[in-house]
Amino acid sequence: MKGRAAITVLAAALIFFAGYAALFVAPDEATMHEIQRVFYFHLGSWAAMYSALSVAFIANVGWLVTRNPHWDWLGVASVELGVVSCTAGLITGVLWGKPAWGIWWTWDPRLTTCFILWILYVSYLILRGLIEEPQRRATLSAIFGIFAFLDAPLVYASNRLWRGQHPSPVILGGDNSGLDPTMGKVLLITVPAVMVVMILVLVDRYRLEKLRYELEELRLVEEERGSAANSMPIKELS
Amino acid sequence: MTTARAAAIVLAKELRLEFRARELLTTTVVFALVIVVLFSFAFDPTAGESRRYGPGLLWIAFLFAGSLMLNPSFAREQSNQTLDALRMAPVSPFAILLGKMLANFIFLSVAEAILVPVFAVLYNLSLSDVAGRLILVLVLGTLGLVITGTVFSAVAAHARLRELLLPLLLLPILAPLLIAAVEATASLFAEQPALDRAWLAFLAGFDIVFLTASWLLSDYLLEE
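The listed protein sequences derive, respectively, from chains A and B.
The first sequence begins at 1 in this note's numbering and counts up one residue at a time.
The second sequence begins at 239 in this note's numbering and counts up one residue at a time.
Worth flagging that the hints you see were computed from the coordinates, not collected in a lab.
Quantities reported herein were computed from a predicted structural model and do not represent experimental measurements.
Think of the CB as a built atom: it goes at the ideal place given N, C-alpha and C, for glycine as much as any other residue.
All the given hints hold, so there is nothing to weed out.
Here's a subset of chain B near chain A, in silico, CB distances under 10 angstroms, partners left out:
1) F390
2) H396
3) L406
4) L415
5) S452
6) L454
Work the whole structure out from these sequences, hints included.
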């Protein structure tokens, strides 16, 4: 528990420092000015979303192959986290889009893909809520999760073939990609900071799912015991 | 028993069932027709407009009709636990899935064969020159729809609110298919029709990806 508290304090310090760096250390952007600072967390959200959904895919396959409930807990935890970071990415993107592009939203391949992904994984969570039996819920949602993951590159490719407006990547775009060296350093703080916070949330969500599972098991045992006790007098009567 | 033979038996059973009841096809065709008619109120279907919106309207009508039509595919096996009986047969689960996919493909194709000429008349489009190529686009698009739709029909069958859940699961997955099918159809509806091969290849790719996934996951999908 002590280690856990230490990590939480560390993560809080890191995200605070990242916020400070994004607001005060990073240089002013030439054309977009202050609003561009949202970018440091915009990118962090997307990094967290893609990581979370990749973990979800691995967890879905892991459940189907091993039938170990740990994979199911990891699956639902990472999908929830993916939806949260996707929401954060969409909101920061919309806030940034209005001053930078003059419009809140555009049907660009990347924006469309993220929006469709958001709908798909929210459907995944709705699907889980509508199936009672735990084993079946885990299996069927894992199958849907795998289909959704396979769909993501297809959504992107189809929109890419169709139309495009989002700027091409500046980060990792080579030496002359246009990224200021200080901006790169700030990114090296903000992206890991967002990731660390997300990992902490993921671990907590995983534990919560584990506790829910154990509670459900205990309840089932209790119900069986209860029904066994109830059936006793009936047996004696007959 | 080979998978192909088992799938053929399931297909024959589905067709016989539909031939006796004849409820699914009628409902689907009329439903899609309602959508097409409603769209004609939303957009003024002059020839110029229908060239621009027509392909989108047509495919949206197919997607909506398909997402409702596919629901009974597994849901009606639930009421008398007939899916358990099917599972007990010594055949691979993929054979059952494949038989149902083929049956759904035939049902939806029949519905489309009725709808497309009606659509062409209502929206004043001449399709006789492009009929062969249009059929190719329709076949590839419909395959993608029934492959994913049949799998999700099995997923939704075990859930509450399954009639509402199936379109919710299916329609966003079909977003790339919709874009590709609409663009391919639009290339045929243009003044100088020329089939866009890139979109045709994309449709084929979509079908292959999800058919392979269905094949790999069918054991888990239909387990008890």
